[in-house]
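Protein chains: 2
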Amino acid sequence: MRLAARPVGLPKPSDWNFTEEKVVEPAEGQLLVKVLYLSLDPAMRGWMNDAKSYIPPVGLGEVMRAGAIGKVIASKHPKFAVGDEVSGAFGVQEYALSDGKGLIKVSSKLAPLPVYLGTLGMPGMTAYFGILDVGELKEGDTVVVSGAAGAVGTVVGQIAKIKGCRVIGIAGGADKCEWLVKELGFDAAIDYKSEDVKKALREHCPKGMDVYFDNVGGDILDAALTQLARGARIVICGAISQYNNTTPVKGPSNYLSLLVNRASMKGMVVFDYADRYADAAKEMAGWMMAGKLKSREDIVEGLNTFPDTLLKLFKGENTGKLVLKVSKD
Amino acid sequence: MRLAARPVGLPKPSDWNFTEEKVVEPAEGQLLVKVLYLSLDPAMRGWMNDAKSYIPPVGLGEVMRAGAIGKVIASKHPKFAVGDEVSGAFGVQEYALSDGKGLIKVSSKLAPLPVYLGTLGMPGMTAYFGILDVGELKEGDTVVVSGAAGAVGTVVGQIAKIKGCRVIGIAGGADKCEWLVKELGFDAAIDYKSEDVKKALREHCPKGMDVYFDNVGGDILDAALTQLARGARIVICGAISQYNNTTPVKGPSNYLSLLVNRASMKGMVVFDYADRYADAAKEMAGWMMAGKLKSREDIVEGLNTFPDTLLKLFKGENTGKLVLKVSKD
Numbered sequence: 001m002r003l004a005a006r007p008v009g010l011p012k013p014s015d016w017n018f019t020e021e022k023v024v025e026p027a028e029g030q031l032l033v034k035v036l037y038l039s040l041d042p043a044m045r046g047w048m049n050d051a052k053s054y055i056p057p058v059g060l061g062e063v064m065r066a067g068a069i070g071k072v073i074a075s076k077h078p079k080f081a082v083g084d085e086v087s088g089a090f091g092v093q094e095y096a097l098s099d100g101k102g103l104i105k106v107s108s109k110l111a112p113l114p115v116y117l118g119t120l121g122m123p124g125m126t127a128y129f130g131i132l133d134v135g136e137l138k139e140g141d142t143v144v145v146s147g148a149a150g151a152v153g154t155v156v157g158q159i160a161k162i163k164g165c166r167v168i169g170i171a172g173g174a175d176k177c178e179w180l181v182k183e184l185g186f187d188a189a190i191d192y193k194s195e196d197v198k199k200a201l202r203e204h205c206p207k208g209m210d211v212y213f214d215n216v217g218g219d220i221l222d223a224a225l226t227q228l229a230r231g232a233r234i235v236i237c238g239a240i241s242q243y244n245n246t247t248p249v250k251g252p253s254n255y256l257s258l259l260v261n262r263a264s265m266k267g268m269v270v271f272d273y274a275d276r277y278a279d280a281a282k283e284m285a286g287w288m289m290a291g292k293l294k295s296r297e298d299i300v301e302g303l304n305t306f307p308d309t310l311l312k313l314f315k316g317e318n319t320g321k322l323v324l325k326v327s328k329d
Numbered sequence: 001m002r003l004a005a006r007p008v009g010l011p012k013p014s015d016w017n018f019t020e021e022k023v024v025e026p027a028e029g030q031l032l033v034k035v036l037y038l039s040l041d042p043a044m045r046g047w048m049n050d051a052k053s054y055i056p057p058v059g060l061g062e063v064m065r066a067g068a069i070g071k072v073i074a075s076k077h078p079k080f081a082v083g084d085e086v087s088g089a090f091g092v093q094e095y096a097l098s099d100g101k102g103l104i105k106v107s108s109k110l111a112p113l114p115v116y117l118g119t120l121g122m123p124g125m126t127a128y129f130g131i132l133d134v135g136e137l138k139e140g141d142t143v144v145v146s147g148a149a150g151a152v153g154t155v156v157g158q159i160a161k162i163k164g165c166r167v168i169g170i171a172g173g174a175d176k177c178e179w180l181v182k183e184l185g186f187d188a189a190i191d192y193k194s195e196d197v198k199k200a201l202r203e204h205c206p207k208g209m210d211v212y213f214d215n216v217g218g219d220i221l222d223a224a225l226t227q228l229a230r231g232a233r234i235v236i237c238g239a240i241s242q243y244n245n246t247t248p249v250k251g252p253s254n255y256l257s258l259l260v261n262r263a264s265m266k267g268m269v270v271f272d273y274a275d276r277y278a279d280a281a282k283e284m285a286g287w288m289m290a291g292k293l294k295s296r297e298d299i300v301e302g303l304n305t306f307p308d309t310l311l312k313l314f315k316g317e318n319t320g321k322l323v324l325k326v327s328k329d
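Going down the list, the protein sequences come from chains A and B.
Reminder that position 157 of the first sequence reads as 157 in the UniProt record's numbering, one-by-one numbering, no gaps.
Reminder that position 66 of the second sequence reads as 66 in the UniProt record's numbering, one-by-one numbering, no gaps.
Hint data in this document are derived by calculation from the structure and do not stem from the laboratory.
Cβ atoms here follow ideal geometry from the backbone N, Cα and C, with glycine treated the same way.
Treat each hint with caution, since some may be false.
[To be verified] Straight-line distance between alpha carbons at most 25 Å, and here's what the computed DSS-like set of lysine-lysine pairs gives:
hint	chain 1	residue 1	chain 2	residue 2
1	B	K138	B	K163
2	B	K325	A	K250
3	B	K163	A	K52
4	B	K250	A	K250
5	B	K250	A	K198
6	B	K250	A	K292
7	B	K250	A	K52
8	B	K198	A	K52
9	A	K22	A	K250
[Unchecked claim] If you want the footprint, here are the derived chain B segments under chain A, 3+ residues with CB under 8 Å:
hint	segment
10	264-276
11	310-323
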């Protein structure tokens, strides 16, 4: 799936170009991967813009960048053998050639493969380092997370519960909210589609929030700013409400609350923690084994559905990690 | 000078009520102060609004709150004697009764009295703790300060120079900019009234800024956000461009630059550092004696000019600390 045009607003079918090409045999030092599962992430929208960011944009005509899980089907690389299960940035395609750089071996014996794109993948790492390092989480903190039913939000909230915090999630829809509380053990959830978020935050956080983990930006970030505790930490992880804007990003009008409350707002990019991924994954796998951390994936089948399936993220239709199943395991 | 009405936008003469009353003798435990100099601060505008903040608003009909320097002219307080020079929140009036709480003795033998409202007063303390503690200043940093010719900005920039940083000031007008560079030793100054701030920042900070100390908010904050270095710290000290808004505060549209650059934005209130004021003042007085830190006050005479003189702050007409001289020393 190649990027055909720079989208304006929500990506349209015509922004994509589906091409079929012969699968090439790996050269010396390369391996060929059959892609099984693709990770669909809000950040993809940013990669489609021709703008300077933490990673270069995807070029027009290039295969769309995507994290993925695959199986090695041919190898002339000393470290990878046919049958190895691997995680890497294979892109939105059925087969990928790789020189092995950045590839991580995974195992379907330890966890279902899609989990390596969610809780044990980038979203899980983002949640782990975002809430623990950037958010400087302490036991007893009141924690609020937006996009709470998404791949990052579900893990943020559960880690905060594991660490002895009170956790309030903000998500869209009664089903998601019920699931957050009943299944994931959140203390409360606010349905931004039917509730007044500012008022609900006032009720659920009468003493203010100590950590606010923001995945959405826009009006919800502004509402959160009205309910900070003294010394609160805001983690800026994303702003999905703003990614498809055709007008300028909505800046947080209430940012002077940072001053009044001696609070901070800090941005993060998960790649900075790459040298600690392995330790984090080990700890998170332990929590999963102990039943303290639940992983949920929202799996859609068929590479051809990619243009539509990606939109589920921006429409808030996914619960848990959105994964595209490309081929059978 | 009493607050007569909650101002909408810039305070008007009719928002004030000038009253004359008999001066009362101090009761047991009280002292009477003759007010000599009043501190005029941007924060005063916030105190006039009926809104929750870091300090309660001034009530309608109450004497306007103001920091001031005065001389004790009558005392029934064991710790203060007639003739003592004192700093305290005496308010916009000629005489003030005090119970001694929060009063600090000063001395015109060590520094001219108005300096205790500026470089050795709240603005100086704000600059000191803001740039050193909140801004986590390091030698070699590129530092940008807005409102650079104001009471806080002048001190921020000079402290950063003392600490071995490159300092760029943003101020309004060629005179102020020239003064910042020639008199205060800033490396460069940007005149926001005649220059494109974003473009000028790109030229003066080709590698981005490590610390941005913001006194103004609005478009200048947004311009600064486009030019952050990796790991930059933004100190939110004030937002003078927004204090007289009749529309909502302009949130920083470019705040996602915090994410891309792993940067932070942190608010501060100087009162939190009260237990360290004395040490800071000692160090700053040392720098002044050594000629490394210059203090400038913009002194206007006459209590009756208060409503107009206050507006100089919001029109950017002051250079250095704006002080109202009430009575002769």
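Okay, the hints, checked on the actual structure:
1. B:K138 - B:K163: 7 Å, holds
2. B:K325 - A:K250: 43 Å, violated
3. B:K163 - A:K52: 32 Å, violated
4. B:K250 - A:K250: 9 Å, holds
5. B:K250 - A:K198: 19 Å, holds
6. B:K250 - A:K292: Since the Cα atoms of K250 of chain B and K292 of chain A sit roughly 42 Å apart, the hinted pair is violated (cutoff 25 Å).
7. B:K250 - A:K52: The given pair, whose Cα atoms are some 24 Å apart, holds under the 25 Å limit.
8. B:K198 - A:K52: 16 Å, holds
9. A:K22 - A:K250: Given pair K22 of chain A, K250 of chain A is violated - Cα atoms ~45 Å apart, limit 25 Å.
10. 264-276: Holds, because 7 residues of the segment 264-276 of chain B bring their Cβ atoms closer than 8 Å to Cβ atoms of chain A.
11. 310-323: violated (count 0)
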